[in-house]
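Number of protein chains: 2
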Amino acid sequence: MTGERIYLYDTTLRDGAQTQDVDFSVTDKIAIAQDLDRLGVDYVEGGWPGANPTDDQFFAEAPELTRATFTAFGMTRRPGRSAANDPQLTALVQSRAKAVCMVGKTWDFHVDVALGIPRDENLELIRDSVAALHAAKGEALFDAEHFFDGYKRNPAYAVQCIRAAFEAGARWIVLCDTNGGTLPHEIDAIVRAVIAEHGIPGDRLGIHCHNDTENAVANSLAAVRAGARMVQGTINGLGERCGNANLVSLIPSLMLKMGFETGIKPEDLPRLTQLSRSFDERLNRAPNRHAPYVGASAFAHKGGLHVSAVEKDPASYEHVTPEAIGNRRQIVMSDQAGRSNIIARLRDIGLDIDPKDERLARLLDLVKQRDGDGYAYDTAEASFELLVRRELDGVPRFFELLRFHVTDERRYNAVGKLVVESEAVVRVRVGNEIRLEVADGNGPVHALDVAMRKALEPVYPALKGVSLSDYRVRILAAKEGTGAMPRVLIRSTERDGSEMSTLGVSTNIIEASMEALVDSYVFTLLKSGAAPVARSAG
Amino acid sequence: MTGERIYLYDTTLRDGAQTQDVDFSVTDKIAIAQDLDRLGVDYVEGGWPGANPTDDQFFAEAPELTRATFTAFGMTRRPGRSAANDPQLTALVQSRAKAVCMVGKTWDFHVDVALGIPRDENLELIRDSVAALHAAKGEALFDAEHFFDGYKRNPAYAVQCIRAAFEAGARWIVLCDTNGGTLPHEIDAIVRAVIAEHGIPGDRLGIHCHNDTENAVANSLAAVRAGARMVQGTINGLGERCGNANLVSLIPSLMLKMGFETGIKPEDLPRLTQLSRSFDERLNRAPNRHAPYVGASAFAHKGGLHVSAVEKDPASYEHVTPEAIGNRRQIVMSDQAGRSNIIARLRDIGLDIDPKDERLARLLDLVKQRDGDGYAYDTAEASFELLVRRELDGVPRFFELLRFHVTDERRYNAVGKLVVESEAVVRVRVGNEIRLEVADGNGPVHALDVAMRKALEPVYPALKGVSLSDYRVRILAAKEGTGAMPRVLIRSTERDGSEMSTLGVSTNIIEASMEALVDSYVFTLLKSGAAPVARSAG
Numbered sequence: 001m002t003g004e005r006i007y008l009y010d011t012t013l014r015d016g017a018q019t020q021d022v023d024f025s026v027t028d029k030i031a032i033a034q035d036l037d038r039l040g041v042d043y044v045e046g047g048w049p050g051a052n053p054t055d056d057q058f059f060a061e062a063p064e065l066t067r068a069t070f071t072a073f074g075m076t077r078r079p080g081r082s083a084a085n086d087p088q089l090t091a092l093v094q095s096r097a098k099a100v101c102m103v104g105k106t107w108d109f110h111v112d113v114a115l116g117i118p119r120d121e122n123l124e125l126i127r128d129s130v131a132a133l134h135a136a137k138g139e140a141l142f143d144a145e146h147f148f149d150g151y152k153r154n155p156a157y158a159v160q161c162i163r164a165a166f167e168a169g170a171r172w173i174v175l176c177d178t179n180g181g182t183l184p185h186e187i188d189a190i191v192r193a194v195i196a197e198h199g200i201p202g203d204r205l206g207i208h209c210h211n212d213t214e215n216a217v218a219n220s221l222a223a224v225r226a227g228a229r230m231v232q233g234t235i236n237g238l239g240e241r242c243g244n245a246n247l248v249s250l251i252p253s254l255m256l257k258m259g260f261e262t263g264i265k266p267e268d269l270p271r272l273t274q275l276s277r278s279f280d281e282r283l284n285r286a287p288n289r290h291a292p293y294v295g296a297s298a299f300a301h302k303g304g305l306h307v308s309a310v311e312k313d314p315a316s317y318e319h320v321t322p323e324a325i326g327n328r329r330q331i332v333m334s335d336q337a338g339r340s341n342i343i344a345r346l347r348d349i350g351l352d353i354d355p356k357d358e359r360l361a362r363l364l365d366l367v368k369q370r371d372g373d374g375y376a377y378d379t380a381e382a383s384f385e386l387l388v389r390r391e392l393d394g395v396p397r398f399f400e401l402l403r404f405h406v407t408d409e410r411r412y413n414a415v416g417k418l419v420v421e422s423e424a425v426v427r428v429r430v431g432n433e434i435r436l437e438v439a440d441g442n443g444p445v446h447a448l449d450v451a452m453r454k455a456l457e458p459v460y461p462a463l464k465g466v467s468l469s470d471y472r473v474r475i476l477a478a479k480e481g482t483g484a485m486p487r488v489l490i491r492s493t494e495r496d497g498s499e500m501s502t503l504g505v506s507t508n509i510i511e512a513s514m515e516a517l518v519d520s521y522v523f524t525l526l527k528s529g530a531a532p533v534a535r536s537a538g
Numbered sequence: 001m002t003g004e005r006i007y008l009y010d011t012t013l014r015d016g017a018q019t020q021d022v023d024f025s026v027t028d029k030i031a032i033a034q035d036l037d038r039l040g041v042d043y044v045e046g047g048w049p050g051a052n053p054t055d056d057q058f059f060a061e062a063p064e065l066t067r068a069t070f071t072a073f074g075m076t077r078r079p080g081r082s083a084a085n086d087p088q089l090t091a092l093v094q095s096r097a098k099a100v101c102m103v104g105k106t107w108d109f110h111v112d113v114a115l116g117i118p119r120d121e122n123l124e125l126i127r128d129s130v131a132a133l134h135a136a137k138g139e140a141l142f143d144a145e146h147f148f149d150g151y152k153r154n155p156a157y158a159v160q161c162i163r164a165a166f167e168a169g170a171r172w173i174v175l176c177d178t179n180g181g182t183l184p185h186e187i188d189a190i191v192r193a194v195i196a197e198h199g200i201p202g203d204r205l206g207i208h209c210h211n212d213t214e215n216a217v218a219n220s221l222a223a224v225r226a227g228a229r230m231v232q233g234t235i236n237g238l239g240e241r242c243g244n245a246n247l248v249s250l251i252p253s254l255m256l257k258m259g260f261e262t263g264i265k266p267e268d269l270p271r272l273t274q275l276s277r278s279f280d281e282r283l284n285r286a287p288n289r290h291a292p293y294v295g296a297s298a299f300a301h302k303g304g305l306h307v308s309a310v311e312k313d314p315a316s317y318e319h320v321t322p323e324a325i326g327n328r329r330q331i332v333m334s335d336q337a338g339r340s341n342i343i344a345r346l347r348d349i350g351l352d353i354d355p356k357d358e359r360l361a362r363l364l365d366l367v368k369q370r371d372g373d374g375y376a377y378d379t380a381e382a383s384f385e386l387l388v389r390r391e392l393d394g395v396p397r398f399f400e401l402l403r404f405h406v407t408d409e410r411r412y413n414a415v416g417k418l419v420v421e422s423e424a425v426v427r428v429r430v431g432n433e434i435r436l437e438v439a440d441g442n443g444p445v446h447a448l449d450v451a452m453r454k455a456l457e458p459v460y461p462a463l464k465g466v467s468l469s470d471y472r473v474r475i476l477a478a479k480e481g482t483g484a485m486p487r488v489l490i491r492s493t494e495r496d497g498s499e500m501s502t503l504g505v506s507t508n509i510i511e512a513s514m515e516a517l518v519d520s521y522v523f524t525l526l527k528s529g530a531a532p533v534a535r536s537a538g
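Respectively, the protein sequence lines represent chains A and B.
Once you know that position 426 of the first sequence is 426 in UniProt numbering, the rest is easy, because the numbers rise by one and skip nothing.
Once you know that position 55 of the second sequence is 55 in UniProt numbering, the rest is easy, because the numbers rise by one and skip nothing.
The shape of chain A in the complex, shown without the other chains (with noise of 0.2 Å):
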């Protein structure tokens, strides 16, 4: 099938929208929008004219979009009305979208218990939305919604219906999994017989599943395998209950596995990762790390011999090069770290070393030992630098914590309400000055960074750009209980939005708290350059 088309369509803002918890603000749209159309998506679809207020905004403020053809949902006619005098599809019409897909029954069973009409009115509103819109815009696609579980009941029905869109124009006949049941072999028989003895052409067929059973991406795959020519989906598999067929993943698997060419420039496909990851950002979620082929342990290596052979030839142990999605490798830690991992790390965080010098054995000690004591390097690549730059050439000393005192009192107020205060105060040593800061907070952590940023930002104004933006602790013993150690994990963002990972541990969850939070001062002030200030010996 090498260097056949395959025509991508995103419902990212549609479908996607769909999702709980997840409303998009016009602004998001228009972004997201861009950005599809920058990748190189063929449709874009905006949401359903009429439905709400941000989609009616958004298709009147519609984006010019370069290479992406802007599409708008809708659904066909209402019964015993004329497409003509139908209100949702005049908005169709009248909207700014270059090209309309229309949603229609083709499980008899839905049009008998939900629309409640003849089968073959059904088809009639089918013809004559498709028709309609056809005229009107020059390109109209049909959603034939519960495809495959129609045809599983009444085959002969289901064809009627995408026959009835096909010969009325549709440009595309979109075959949807609603129920996202269906498995990868059904989509395939199904299709296939569409094709082969339905006549309807493969290169007018899109497909369009849900994740219902953990195979949205595979089912699309066997849809394309079948002749289908246009795939569905949304980014990261965004989408209501367990989501849609997720885009970021199909399109390296047809781009790079199967030979296909998508609208999308080869040399573009590169902003896949940064598309997956800012679209999470913008739903101020994380990045899933485990995401196939944009995720950040997509490509990562573990393990000392496997870490030697990977470095031999990538290619023994990648299904593809990590670049040509625009994603990395990455060397992770563990307690099985062996020495040509250790080296690989040291060169990813810039140090390169000579295999032969000797520090590094004492470094290979130090790391395991320190894993033994519970500290996951793996998860805190900032702390991880730390100790290897202390070990090798050393850190900058930018200021010693002396004592740090924390309270937490739960008392009557003033005004005789209950509320619980925590109080921090730290002392630290910032060259010869000795800075005595301190403050509240909500809780004994917040106080003390805060106390300690007292101390620090004004001597050293580079850490004024980072903030928290992950707490998490975890028992190492468990059977221990609150008499076991804590393992604390703190993620900071910095200025220029990327994140840095520090970590803790101790008997004390405060004093964890307090190592991964100096971890991450420390850290901030290596990377800004910032110069320490000196202890003169007078």
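For the record, the hints were derived by calculation from the structure and aren't laboratory data.
Mixed in with the good hints, there may be bad ones.
Because identical chains share one entry, a pair is satisfied inside a single copy or across any pair of copies.
[To be verified] Pairs of lysine-lysine residues, derived as DSSO-like cross-links and limited to a Cα-Cα distance of at most 27 Å, are as follows: (1) LYS152 with LYS312; (2) LYS417 with LYS368; (3) LYS257 with LYS152.
Take the given structure of chain A and dock chain B to it, following the hints.
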């Protein structure tokens, strides 16, 4: 294929343990193995004896499994050693595992580059190792590393490798897509060729897939349809990079859609949802609400027309019934769902209440409001039961926490050593008596727990049996960092070994912890039937 038997092999504790950010304690491993055994999985792979201290200890304390075969993982013997003189194989023989799975090379490239031995010698390694473990354990499995990549380059050699294992008596030959880059149609073609052209029977073949193209589940199903009869995977698709095949998604498709039999009794299948969610809790991560079959949103329906249609005939909008896997339908923005939901949970804790009881509406509002505040009651049954009983029939006031005060201090002690000390003071009213106690501990929460017990145990000896077994913190609004809302989840073990979970939510982690601690004391006293010390009017 209806009625044919598929064997399920779980590798969560071995391959799943490779996941970044995941490290199982021995306690975790024991609990997870028992959950899998209770579900009815055929093989539980415990890890690699001799590879690391955790696995050594786990195999030393190997849990008694009633249905599953407890299996050890290892690799074929080293070049230049006899199987008998290979310490690693000896460790496998001596382990308490009932079966052993050994990984070996089947891709000529890896034999040449990674092993660097003649290809015939690799066949010897496989033959010897399988024969030795077959003789020693009665059941040996061969894990054919990189089989699909190897077969694509050099089918003859890849097949020679698995034939060597087959002829040496391997019960199962597990075909591995180690790099995870193979697509479903390739899996299908290669597995069919192995069976039809190369004569390895399907009932001796297993499949092991990774999710690097988001096809791990589909690839496993493709292998099964091609004739393989064993499926390897992990709970929730845990695994390095993008994860392993997700058994939680595979099992319902195999049993409910493809008509296969497994070791899981149909009446045990509803355990699946709870198994999946409690596993995530153990890893201290939020269960994925969009997870196929078991996610909280997997059967979510938007309100309105749709819902009435769902109620007319669920089969028209749901690909399987949620109850079949222990999940629930969720009607978004509909009190009906909440109401029946609550009634079901009340029945769970032995409270039968009339659906018309007006207290139900009050309780529903309360739970919804608390849920909005971040109280995840599905993970803390004890706190939920207390909430409900307080609302419905009241909970005796065993004591009243008047105030507390915790100090964490890092300082140099008398002998000049840097120490961190936590000291807690609590003021509690029991009956007419006000008890003031102080205690120190490894950390603030430990100190508070000890102080509270000093105050309460003399009056309520029932508390003596209870000990904290786990303590977890998750930030609810991660973006706000330490200024955000910590949720503390505490597990306590009662005298009889049964566990209870309580939680607390507050902007202050110490107060949240105290809330969870207090719930655990009150719940224990409630269950023990202890008589509350009354407060006399005088």
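Results of checking the hints against the structure:
1. For the identical chains of this complex, LYS152 and LYS312 are inter-copy neighbours only, at 20 Å across copies versus 51 Å inside a copy, given an alpha-carbon limit of 27 Å.
2. Taking the shortest Cα distances, LYS417 and LYS368 sit within 27 Å of each other only across copies (25 Å), while inside one copy they are farther apart (50 Å).
3. In this assembly of identical chains, the alpha carbons of LYS257 and LYS152 lie at most 27 Å apart only when taken from different copies (14 Å versus 31 Å within one copy).
Every hint, counting from the list given before, is met by this structure.
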